[in-house]
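**Student:** Given next are the chains, with one letter for each unit.
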Amino acid sequence: MFFLAAEGGESAHNPIIPIWQEIVVGGIAFILLCVVLMKFVFPRMEQTFQARVDAIEGGIKRAEAAQAEANQLLEQYRAQLAEARTDAARIRDDARADAEGIRQDILAKAREESDRIIAAGKEQLAAERATIVRELRTEVGTLAVDLASKIVGESLADEARRKGTVDRFLSGLESAGAR
Amino acid sequence: MFGQANVLAQGEAVFPPSVEDFYLPSILPWGAENSYWFTKITAMVWLAVGVLIIFFLASYRNPQLVPTKKQWFAESIYGFVRNNIAVDMIGHAGVRFAPYFTTLFCFILLTNFFAIVPFLQISPNSHIAFPAFLAVISYVMFIWVGIRHHGAGKFFKNSLIPPAPWYILPLLIPIEFFSTFLVRPFSLAVRLFANMFAGHMLLLVFTLGGFAMLNITPWLAPVSVLSWAMTVALTFLEFLVIVLQAYVFTVLTASYVQGALAEEH
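Here the protein sequences come in this chain order: A and B. Heads up: the first sequence begins at 3 in our numbering, then just goes up one per residue. Heads up: the second sequence begins at 300 in our numbering, then just goes up one per residue.
Read the hints as simulated data drawn from the structure, not as lab findings. Hints are not guaranteed to be accurate.
[Unchecked claim] Pulled a few chain A residues facing chain B out of the computed Cβ check, cut under 10 Å:
(1) Ala14
(2) Gln23
(3) Cys36
(4) Val43
(5) Ile134
(6) Arg136
Just so you know, even glycine gets a beta-carbon here, dropped at the ideal spot from N, CA and C.
Given only the sequences and the hints, what does the whole structure look like? Please build it.
**Tutor:** Structure, rendered in structure tokens:
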């Protein structure tokens, strides 16, 4: 600046005319910059951008797949649950039916048993009654004969007539008792 | 700038600043004039290239799916140019241009930004050589892309012959040729160059102006302070211009490529 002042500030340069040395230097420098950045930096940035896009899209896809799988599992569980419910209902119905059947069986058996017991009792009663009647018959006959022989004073034990008389008397008693 | 300005304030102030203030003496060989191979300007270009290469290589040495802060920052720069410029302007086919656009955007942004970095404080883009080179790349690129996509005949037909009645074509074709094939590279280069040139000039004027007034009489000190306050304010404006011009250059390049790829005029 100072020498220019010494020269009197007379314009030796035209600012609109480029200096060729500067064009050469600037050109070399700029081309060097272009080569380095366009070869080593920006393509890698594009790759990184692409990788990032892929990562995000891949993440979305994975999430979608997981969602689909979860939905499918849910459906499966729901189906299984419904199946289990129908099974349970069926088992309950079966159990109810079984219980009813068992109850009916037990009732039938109980009835049969009671009938059998009643029948046996009746039979036994009838047999006892018959025995008693037979015993009574002989005893009453003996007593009557003894009484009659005492009254009449004679033994009628061997006589068939006497036997017939006693039987007739007892039959008359029986029919009167049954009535 | 204040370092220089302090020296200037000691009685060597040159006001108003001139075009020559943009042509600093050479660093190697030291102090030589009209030697441009290694100056502050070219050093800054190398610095920008070095910073960008180191930043991107370091932050993208080991890319992770879940990015670190540094990686995220590098990715958002690329993502911004890719999605908001390349894909927005060109559509899905723009993705393959995104690496170049991002390189272009970062290079212009950083070299522009040097205009307001203390001790650098001038943008290489205030020398038209650098914007011109970038503009030539954009120019060659859109023509080449167009020819490869459509074939030379269809590309020039699409570019030069608008859908208009035949009798107006003799007027339109030269206009189209002029605007598409002659003006485009110049407008691209000059827009960036002139913005950075004017921004640097403005900051020089207000900074040196403050010292110049102070040198005339101490009574003007308040006005000098006002002038320096303007410098600060203009630095913020300059920041806006820096970002905007980097964006505009990239968007226009994308727009030219989009025009070259478009089916219809």
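**Student:** Does each hint hold? Answer for all of them.
**Tutor:** Okay, the hints, checked on the actual structure:
1. Hint on Ala14 of chain A holds. Least Cβ distance to chain B is approximately 7 Å, under the 10 Å limit.
2. At its closest, the beta carbon of Gln23 of chain A sits 4 Å from a beta carbon of chain B; the interface hint therefore holds under the 10 Å criterion.
3. Taking 10 Å as the C-beta cut-off, the interface hint given for Cys36 of chain A holds, the closest approach to chain B being about 5 Å.
4. At its closest, the beta carbon of Val43 of chain A sits 4 Å from a beta carbon of chain B; the interface hint therefore holds under the 10 Å criterion.
5. At its closest, the beta carbon of Ile134 of chain A sits 115 Å from a beta carbon of chain B; the interface hint therefore is violated under the 10 Å criterion.
6. The interface hint given for Arg136 of chain A is violated, since its Cβ lies 119 Å from the closest Cβ of chain B, which is over the 10 Å cut-off.
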